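Asks: The chain contents come next:
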Amino acid sequence: MKRILALGAVVLTTAALAWAGADAPPKAGGAPKPAITKAVKGEQCVEDTDYMRRNHMKVLDHHRDQAVIEGIRTKKHSLKECINCHASETTGSVAAAKDDFCVSCHSYAAVKIDCFDCHSTKPQGSAAMHPLNAETAHYKHKLAAQATSRVSAEEMAGVAQ
Amino acid sequence: MNELKPMSEDVPASHERRRFIGAAAATAAGLAIAPGVILVEVAHGRSEDQAASSAVRWGMLVDATKCATGCNDCVTACSTENGWTPVGESAHPKQAPQWIRKLELQDPLTQMETNLPMMCQHCAEPPCVDVCPTGASFKRADGIVLVNRHTCIGCRYCMMACPYKARSLVHESLNDTQKADVPRGIGCVESCTFCVQKVDRGDGNTACAEACTAAGHNALLFGDMNDPESEISRRLRELPTKQVRADLNLNLGVRYHGI
Chain B
1 MKRILALGAV VLTTAALAWA GADAPPKAGG APKPAITKAV KGEQCVEDTD
51 YMRRNHMKVL DHHRDQAVIE GIRTKKHSLK ECINCHASET TGSVAAAKDD
101 FCVSCHSYAA VKIDCFDCHS TKPQGSAAMH PLNAETAHYK HKLAAQATSR
151 VSAEEMAGVA Q
Chain X
1 MNELKPMSED VPASHERRRF IGAAAATAAG LAIAPGVILV EVAHGRSEDQ
51 AASSAVRWGM LVDATKCATG CNDCVTACST ENGWTPVGES AHPKQAPQWI
101 RKLELQDPLT QMETNLPMMC QHCAEPPCVD VCPTGASFKR ADGIVLVNRH
151 TCIGCRYCMM ACPYKARSLV HESLNDTQKA DVPRGIGCVE SCTFCVQKVD
201 RGDGNTACAE ACTAAGHNAL LFGDMNDPES EISRRLRELP TKQVRADLNL
251 NLGVRYHGI
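Line by line, the protein sequences give chains B and X. With the working numbering applied, the first sequence covers 1 to 161. With the working numbering applied, the second sequence covers 1 to 259.
In case anyone wonders, no lab produced these hints; they're calculated from the structure. Predicted, not measured: the structure shown is a model, and the values here were computed from it. Everything hinted at is true.
Stretch-level coverage of chain B by chain X, calculated; a stretch enters the list once three of its residues show a Cβ under 8 angstroms from a Cβ in chain X:
hint	segment
1	66-72
2	115-124
So the derived label-pair ranges between C-beta atoms look like this:
hint	chain 1	residue 1	chain 2	residue 2	range
3	X	Glu-89	B	Ala-35	35 to 41 angstroms
4	X	His-92	B	Gln-44	42 to 48 angstroms
5	X	Ala-141	B	Ala-39	32 to 38 angstroms
These stretches of chain X come out as covered by chain B in the derived footprint (C-beta under 8 angstroms, 3 or more residues):
hint	segment
6	50-57
7	148-154
Quick reminder that beta carbons are idealized off the backbone N, C-alpha and C, glycines included.
Pulled out of the complex, with its shape left as it was, chain X reads as follows (with noise of 0.2 angstroms):
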């Protein structure tokens, strides 16, 4: 009887145990929800030490049916940015970079038009990066497909992998009128970076879309896919968008509403 006795206390002490264990996992759990929507919020306006997180996935919303005729504001402010000659001033235009240019479909049937700008679409799993010989092609956490230019060696393999002809290689020497913010030079592919300057800046928007903002359009919306609260996370969920060649199953980051 003796020794059964510590065994009736026992039960009660190892029950008080559970207890508290259980209480201590609830407030580590408290603490690790706490970090998380730290790394969350950080994760937009990070700091300059901090690297590219993929808790946030930039993407773009193209609204096709606001997409206005004619205008051309959106590539003005890419050529702009980032310091590429538009084909329009280019002394050699097939061979001008387009980061991002306008396109006008008509529907053959219906004659029905549609204005869309085309660009890098960010794909998840980018073909570019797939080809890539030497590793220059690659996507960044934040979901930001970018060329390391240190790495390219020029052989455009990844041009010819675009299902979207996003990418062009600079022919020629620039002699020294890049923007400090955005290096380029011959020699190397390059595409839309999805402004990754001013992402890393804490913009948080791209120069397309704020120059489409600034005409009225609002075509053009940037944001955090991953983040159920964005702007653009709630548009998509809203509105019906398509992704171009979705029978590639590339998951883009450029949604298109209207086409």
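Isolated chain B, as found in the complex (with noise of 0.2 angstroms):
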């Protein structure tokens, strides 16, 4: 009696599985490719696309390391930089939302970013950042004078219309 309910179970399995399989076959493409958007500001990035997809951890490192100890602080490999220029228009942020620059592919690669745990995601200047309060509204001026100064998301957001 058990060998025939245990039978009847195989049996049963093996169809649902045909037929769920039938019915929703495997995706060919897999999981969702990332939606990459283009960088607000600037025309070409500061190396080959192809590179940058490779190779832009190595570099980010490389450079790092030269700013935080050696006090070599160029513009062109700075993380500072690539947000200036990859922030999305809408969460003035390169990983805010899900389909923010960095997050995008990430979350694809599912490899985790630790860099924003410490480094602003946002470019200089932002409404967003550190909020003026009582204490600090004397300094207002020049909160201002950085934001002039430096890109802001508003001004992105205007460079590209």
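Using the hints, build the complex out of the two chains.
Replies: Now the structure itself:
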């Protein structure tokens, strides 16, 4: 009796699997491809796109060691400049929403980014950052001066239009 | 005799050669001094592709006699520039970062009150660097003591080693509130950086010193202690100054007058 029941269960499972398989065939393309938006600012990246796709982490690592330890703060390979160009128009950030430049590819490749635990994801001077409070209000003029000297999210949106 | 003649001719020749070599050496020395001078000049407003140079040693002179009671401008300026939340606004005041803090001291015998800001003293021989197990705590060539957050594991040995209680740990995620120029984040130790982002930009001043000057107190003076012509070197020559815990022989980058 037990054997018949077991056999029945196996037959039923196989049939169910076959039915499910027929109904939803496995996706040919795998996970959905990342949405890569073109940089809002600038025409061409500092290196070839193909090179950057494979090697941006090496480029950034090399630059960060030079910047932190030796104080060589060139703009060309700095993360700050990446963010200045690639921050999204809608969120003003490279990693706030799942379609933002950095996150989009990284979630596709399932590689965790640690950069933004410490680094700001927004270009300097955007309004969302460091709101003034009563104690810092007298530095308003300083912040305003900073905002004009650096590119802000609003400015970047203006460039795109 | 004939054999001696060339020798006798040789004597003035070698003398001549010696004079020539002497002149050449003098010229070379002149050249060597000129690049040396240029090196010092560049180190102050160095270009962005140039490394920080040990020809410079950044330092600060705190004139406690000018530091005003109740004034907190240096602390506010530091938190604004570097994006840390002051203790008063923090949800967890005991864990709040303090890159710089105001101290009010009173002599128990004479009741004399002294005001001074306390921050990382940027030691030439920093204990925080000695104890760091990963090499994250380091001294830059121009004397600024920093934490490389890429290698910091948040063990807090440096916080315990520091005689000035100058360092803090970031306990909680900052949720993208950092300044673009000042990356800082959870699990890393941090302290005063002498506004390294401003120094590298060529401002040649820190946010706290700027705020103190703007408030009219002029208690903070930032500059290159290696340059004998700089304002800070001149004042250090004139004023009697002290290092806090001078007994530790750490050769501090922050010197106090009037304590």
